[in-house]
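> Listed below are the residues making up each chain.
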Amino acid sequence: MSVLENVLDQYSSRVYKNRKEHMVDVNNNENNNQIAANVRTIPGIITQRGCCYAGCKGVVLGPIKDALQIVHGPIGCSYYAWGTRRHKGKTEEGVDNYLQYSFSTDMQEPDIVFGGEKKLKKAIAEAVDLFHPSTIFICSTCPVGLIGDDIHAVAKAAEKEYGIKCIAYSCEGYKGVSQSAGHHIANNQIMRYVIGEGDREIKSKFAVNILGEYNIGGDGWETERILKRIGYEVVSTFTGDSSIEDLKNAHKANLSLVQCHRSINYIAEMIEERYGIPWMKVNFIGVQGTIETLRNIAKYFNDEELTAKTEVVIADEIGLIADDMAYYKSKLKGKTAAIYVGGSRAHHYQFLLHDLGVSTILAGYEFGHRDEYEGREVLPFIKPDADSKNIESITVEPDKEKYHLYLPEEEINKLKEEKLIDYYGGMIKDMANGTYMVDDLNHFETEEFLKRLKPDIFFSGIKDKFVAQKSGILSRQLHSYDYSGPYSGFRGAVNFARDVTMGIYTPAWSFVKAPWKNTPVLEGTLGGE
Amino acid sequence: MSVLENVLDQYSSRVYKNRKEHMVDVNNNENNNQIAANVRTIPGIITQRGCCYAGCKGVVLGPIKDALQIVHGPIGCSYYAWGTRRHKGKTEEGVDNYLQYSFSTDMQEPDIVFGGEKKLKKAIAEAVDLFHPSTIFICSTCPVGLIGDDIHAVAKAAEKEYGIKCIAYSCEGYKGVSQSAGHHIANNQIMRYVIGEGDREIKSKFAVNILGEYNIGGDGWETERILKRIGYEVVSTFTGDSSIEDLKNAHKANLSLVQCHRSINYIAEMIEERYGIPWMKVNFIGVQGTIETLRNIAKYFNDEELTAKTEVVIADEIGLIADDMAYYKSKLKGKTAAIYVGGSRAHHYQFLLHDLGVSTILAGYEFGHRDEYEGREVLPFIKPDADSKNIESITVEPDKEKYHLYLPEEEINKLKEEKLIDYYGGMIKDMANGTYMVDDLNHFETEEFLKRLKPDIFFSGIKDKFVAQKSGILSRQLHSYDYSGPYSGFRGAVNFARDVTMGIYTPAWSFVKAPWKNTPVLEGTLGGE
Amino acid sequence: MLDYTKKEKYDRTALRVNPAKTCQPVGAMYAALGVHECMPHSHGSQGCCAFHRMFLTRHFKDPAMASTSSFTEGASVFGGGSNLKTAAKNIFDIYNPKIIAVHTTCLSETIGDDLNAFIQDIDIPEGKYMVHTNTPSYKGSHITGFSNMVASFISYLSVSSGNKNGKAVLMPGFVNPGDMRELKRLATALGVSYTMLPDTSGVLDSPMTGKFEMYPKGGTTVEEIIALGNSELTLAFGKFASEAGAETLKKKCGVPYNLLPIPIGISRTDEYIIALQAFSKTEVPYDIEEERGQLVDILIDIHPYTYNKKVAIFGDPDTVLGITEFVLEMGMIPKYVLTGTPGDAFVSAAEALFTKFGVDGCIAKAGGDLYELHQWIKEDGIDLIIGGTHGKHIARAEDIPFIRAGFPIIDRYIHSYMPLVGYKGGMRLAEMITNALMDRQDRDALEEDFEMVM
Amino acid sequence: MLDYTKKEKYDRTALRVNPAKTCQPVGAMYAALGVHECMPHSHGSQGCCAFHRMFLTRHFKDPAMASTSSFTEGASVFGGGSNLKTAAKNIFDIYNPKIIAVHTTCLSETIGDDLNAFIQDIDIPEGKYMVHTNTPSYKGSHITGFSNMVASFISYLSVSSGNKNGKAVLMPGFVNPGDMRELKRLATALGVSYTMLPDTSGVLDSPMTGKFEMYPKGGTTVEEIIALGNSELTLAFGKFASEAGAETLKKKCGVPYNLLPIPIGISRTDEYIIALQAFSKTEVPYDIEEERGQLVDILIDIHPYTYNKKVAIFGDPDTVLGITEFVLEMGMIPKYVLTGTPGDAFVSAAEALFTKFGVDGCIAKAGGDLYELHQWIKEDGIDLIIGGTHGKHIARAEDIPFIRAGFPIIDRYIHSYMPLVGYKGGMRLAEMITNALMDRQDRDALEEDFEMVM
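Heads up: the protein sequence lines correspond to chains P, W, L and V, in order. Heads up, the final residue of the first sequence is numbered 529 in my numbering, and it's a clean run with no missing numbers. Heads up, the final residue of the second sequence is numbered 529 in my numbering, and it's a clean run with no missing numbers. Heads up, the final residue of the third sequence is numbered 454 in my numbering, and it's a clean run with no missing numbers. Heads up, the final residue of the fourth sequence is numbered 454 in my numbering, and it's a clean run with no missing numbers.
Some clues are possibly wrong.
[Unchecked claim] Simulated crosslink set (DSBU-like; lysine-lysine; CA at most 30 Å straight-line):
| hint | chain 1 | residue 1 | chain 2 | residue 2 |
| --- | --- | --- | --- | --- |
| 1 | W | Lys517 | L | Lys356 |
| 2 | V | Lys139 | P | Lys90 |
| 3 | W | Lys454 | V | Lys211 |
| 4 | W | Lys121 | V | Lys139 |
| 5 | P | Lys205 | P | Lys90 |
| 6 | P | Lys329 | V | Lys356 |
| 7 | V | Lys7 | W | Lys90 |
| 8 | L | Lys281 | V | Lys217 |
| 9 | V | Lys378 | W | Lys122 |
| 10 | L | Lys281 | V | Lys211 |
| 11 | L | Lys6 | P | Lys90 |
Hints listed in this document are in silico derivations from the structure and should not be mistaken for laboratory results.
Given only the sequences and the hints, what does the whole structure look like? Please build it.
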């Protein structure tokens, strides 16, 4: 029996049928590697998934530092999103930074019974009094939708009353099947109310947006450092270390770079539709990944000097890390890894691991869709279900004033055909035969796969980190980087390599088994006989 | 039976006879309050006394910050004197400060067998190489005297070779009967080799030396602050926060103020003999004590403006502390204290306690002589014994060039008759009838007196602090101030009052007895019957 | 750091800024983890379960296993009954717990799911159990949720057979495994036979063995919970976290209870010892008396460093009250005492302590937040902050020494193994406090005031 | 701070600057305090006794009672025989100890006092004892003095009657009372019946009772020391502090010994547990295995904060070697390892550890001083200093985190109650180390890098 069968076989028939669809024995199946994704987790299954609120407020909105974000609901949801996600943001002159604060309406029973709008309005008034923000976000949590608070009306009224921007997000936790719904909701509102409003002067024609980069552990800063070194102007980052002002100007770039496809592809597409700016799937994780990405971007901008500078920077950066990378590779070569995380990283990190001689034998996403697994070519074949239909999809029209093309249309079409832009191929194409791709990997499967595949490292999140480690397998968090980072770009690759190496070589692993477990009690001649 | 008899009665007859002479029931004895002091402690008795080395290197020399002090002997003696006595010293531009260092020849067995001079010479050479000091002191410990190392010859040779000042102190621990012998030895050498060498310009005629002030916890700084505020110039302090350069100029003052009579009276007298400068016993401990001292000094200098300024400063300083002192007095009034410490403080602190409404019911010195107890009037009647004869006494002659009188001779004689200068009356005159004065109070007696007299506070040192506290009596160290201070002058009085108050009112005292000690076990009706 | 916090007083009634509490379900989850072979189950959106597991894991650095009903929009409209039914089947099938402990969420509470009815409708396998508690996130705090879960275990399971078993029930309240171990050690030392509920020791401080155990050795067994009904007496620690459980056991099975404060500090530990002694009628063993005497000795020795030092304490109500009394025993002034959990009993208990120790000018507040605490500190400074991780920004902004005690501590390690309760816990807390204050003294000392001996 | 210390290498052969040791007698005094109803007696100038009592009191914050022969110049010339005779009479008269334990000083050693002869000449009361050891201050260090005193107790008192008593002898070495308690707890847990010599627990960590006891409850009794001769086996901790005692007992009474390292860290505690197990033939109880597993779990959890961090460790040789092995187990690099006590065995043991864990570029030195340690640190920096109080100036001068472990700690409190040995001691040490490193990370973090979760 195959490993997959072994794992699945322990399920009841209903669960078996469901979970079977989420597992792929790569290139070793009759199903053309098709996978079920972005569908409901079965109740009772110990999933690692979060909710819509987490995807909206936690992932996409959280990093926007100058928006005062009021979570409308009972206290927990705001509390958990307070300072824990490591989307770093620098305090800059003239830009507010509320990242150290948690704002909530802390709804109480009467608010649930009689409605919470009044309290929300008062909370906004108090926030304006105390903080004088230029932007307020309102994020609703589960009960808000059910009791029918109209947060959008409240937001509109607040805009009028205080002369500020106020955007509401109906991101109740029960929407969709994972964080993914929340990304979409956040994308929609930012597209509606933010992008396109700015009129900042762009100095370089090599102007890019970085989309789906939340600056976890400073990743965005490393990416930006490299791009700036080559000569790019970063117009906006969605949304790591970003301000509303940055986001407002996204329509002025000439290319959108998409790092995390899942969380931001809606905006990437809509920006193109409305403003004519194509997007390119990039990957700044891994040395080779970064290099390839840099070359692709240069190819798009198609400028001799830029292309030359790109190579100079690549060569220089590689020179600076080559010794370290070689050292760490010597320590890690031949190790195996399993990765279960997010909606893009489970793919990206395979490149970095490959740089270090580590092979990935199992990978899966927590909230990816089929396109993150199989590539965007499957998009036409994905059937919307009840859960996905509930999430609003908006359509946008070209903006007559602001629509602009950096390349002539035929050039763009050519690049599209080459899949250089507007395309993402998904994880499957980079996975070796006989490895495993598992969607929404749950606790039971984690335990079983770890037992059976015995990877040297399990990359995951805090909830299953210690499950792996209790069973003697190093686990590193790829959501939070275990509070290290950055892991992106050139310097980040070294950080990552160092962190994994130290985990593998930590002497304490050798003490897991008590020595008396090996020796019989009655050995020896000394003692009080 | 009196308390004294009660305590003494438990001794064997030999010890009884010896110790009886060290105890005085004040003004309630047939002996005119005569006390035995500065005599040997009986072997086996748990005394708190230290040794000659401690008095010389630890007390008098230690605070001189720019003398690199090499302890010649096995390691312990230097180690214990390292940073532990709290003679504070500021680092000043142009003056070395070695207070954070411990220097020793760390003698080893071969050095004992074959002599340690060679190692001492080498140590000096290394010290010169590494530290470039302008002055080196050499202090010998027990074995050095016995094996006959000639540290004075080594010192002379070093002076010549390195062009620095190098002074040797033969302060072996076994000399004399307590630290007192060490004070004398240090006094002699400083008089011989330091005082009188300076030619610093003195700007004010109100120029004083402060003698016997070691700046424990910053006492000297507070004293100096007050004196400077009035208009005095402090030429030198012996030896708190002092430099060799300061001490060299002591002969230029017009009055020596003696705080700790025991440790420095030799120098006070010799300075007068050689340079004509009288000395005045002062006391900067206690508010009233400080005020009286300031008025006495003004009286000596006999200058209208200075006298007026003295009163202005006194009034101002009192104003600043009056509320605090009144508060603490309200908390401490009626408490009783026992004091056993040093050679002057057991007297001085009675004034400060009196300021706070605390009466002293037992006091004694660790290394005082009869004059500290009974006043200098007993000096002619003190018979030298074998131990005191072993300590060199030096005599000095008037220095023809540097001898100077601030007051006409008849004025000086008048002040002497008034006992304003050149006089110390000792502790006895300030003790109430029926209180106790005990010399070299040992552990056994401490325990017994504490049991019988039940003072609220026992002021002592680290060795018996916890003996008192274990028996439920607050103990504060008056050697180290328990790492607090300053306690001198006006501000110091408040610090002291605060520290004592917090000790008395510390809630933990109320928990000494476990509550179940009061309740029978079988009380109550609940439980597993 | 926290640049927008201004000292000027401002009355907020709607906006919560930097809370000092979280919501009920996480407390229920923690309590359920203290039952052996129990699967805590979150009846709501799967995000709740994810957040709570994440949060507990960050504090304990150990797996916090729990399942969820994974509500979708449909369930939110039509009710979560079928989700729970499916969940129960799958949980028993896949994870094979002895018992499932369901807690609700603001979602299932708002739609009015009737958990009693749902559970009665579920086909629970022979020998297995399923219980629930209501934990609406919009009432109380995580402490309330903990308290509710404990009470529900009892009301579902405990039975009085009429035969007393000679045991005491220890309800430790919302404390760390290290505290629970210490409470048990003291009970054993006093010869008291007990059942502790809940008991997360051995669960959330479990050893590395090279093998992951879904249900580690620790936790109260279901059999023990059932037998609670035959106990002699409950010793319930902390009004906020344990009174409901004790009251439930009293009402249901007639077991009387003694509501004790969490035994942090000397007096409170004395109270516990005396209660144990009253139960077992045993002499207090010398070892325990020695520990106590050592702690008293220490407090007297360190008083120059603690006396009159002003401290802000925040966190969970029972714990904060314990730390407050202990710092008062140390001669410190608990200038600001704050919990995010609502409840007037907190304020009156704190004020009773201020009166008992005769300290003036201290403020106690329940239902407060860290923004307000920070405002107070800006208005009138203090020497030390004691609380969970979330105080670290204030400590940095105001440059005040900070020690981590209570829940949650998500930026340090090892704390959960170590007790704050008992005389031993007092020594630990005293050391942390004294070191923090002395380290600061050393840091701020002028070079000439830098002390070798202290 | 320490402005005159320069990084340039300089070979000193005569000048000791800022020592990392003190002299023998204080060690002998400490050992003697670990015998019940024993009066340690310093045969020399009274300053020695005063310094040693002061020094021990500063570390333990508890009375350290001892008497002195109070040499004067006369005694130094004519010998201290009559001083000792007088002292003995007075001590037995006034303080009524069961035993007087005399140690010499550089003074009495230099003049060649024959203590054996003196003691034979003394009229010791019925049922009382008097022993001595030679502790010339110009050889070895306080550790040597400790070791000598332990050996002398045995050579004076222990007798083999021919009937084995089934006990192990535990010689803990120069450690704190808290360590001794932990060593005993582990022995008891493994079912080993033992006598510990010396045992300062209950003496130098005695409780506040409201009554001073000259001889507190703790300490090895004379009867127990006599009966050591009937023991089965000695477990001697630390070559420097305990080998002499173990060897003496072997030679005198034929008791074999097992020389163990002081059990700081996992491997060394394992070694102790296995030795106990070999003695008692008992299964290791689950509680102990659990503690061990918890410590392993902790070390794995904290490794990102400790791995490859460079540390300087100084202090007493056996303790420093223990801490060195433990930091290696934590993945740290013990860059500088220094003791003031002379002895090549220290260097070879340290280097064996460097080899075992495969670390390069580390320096070990015996007979060194803190001036040299500081020079090394200036030459090539480190992340942490571990040692006694005397390291604080270096830590401040170089702005390096500093944790206090070992002897002496004269500027902090409570440490002596807490173990460094055993798995529990490992947790404490791991917490201290991790907190120090994490506090520094927090302190130095840019505002945008200041982490809520770590």
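> Confirm or reject each hint.
Against the structure, the hints come out as follows:
1. W/Lys517 with L/Lys356: Roughly 22 Å separates the two Cα atoms, so the pair holds.
2. V/Lys139 with P/Lys90: violated, 60 Å
3. W/Lys454 with V/Lys211: Since the Cα atoms of W/Lys454 and V/Lys211 sit roughly 13 Å apart, the hinted pair holds (cutoff 30 Å).
4. W/Lys121 with V/Lys139: holds, 21 Å
5. P/Lys205 with P/Lys90: holds, 26 Å
6. P/Lys329 with V/Lys356: holds, 23 Å
7. V/Lys7 with W/Lys90: The given pair, whose Cα atoms are some 24 Å apart, holds under the 30 Å limit.
8. L/Lys281 with V/Lys217: holds, 25 Å
9. V/Lys378 with W/Lys122: holds, 25 Å
10. L/Lys281 with V/Lys211: holds, 27 Å
11. L/Lys6 with P/Lys90: Holds, at about 21 Å.
Hint violations for this structure: number 2 only, all remaining hints satisfied.
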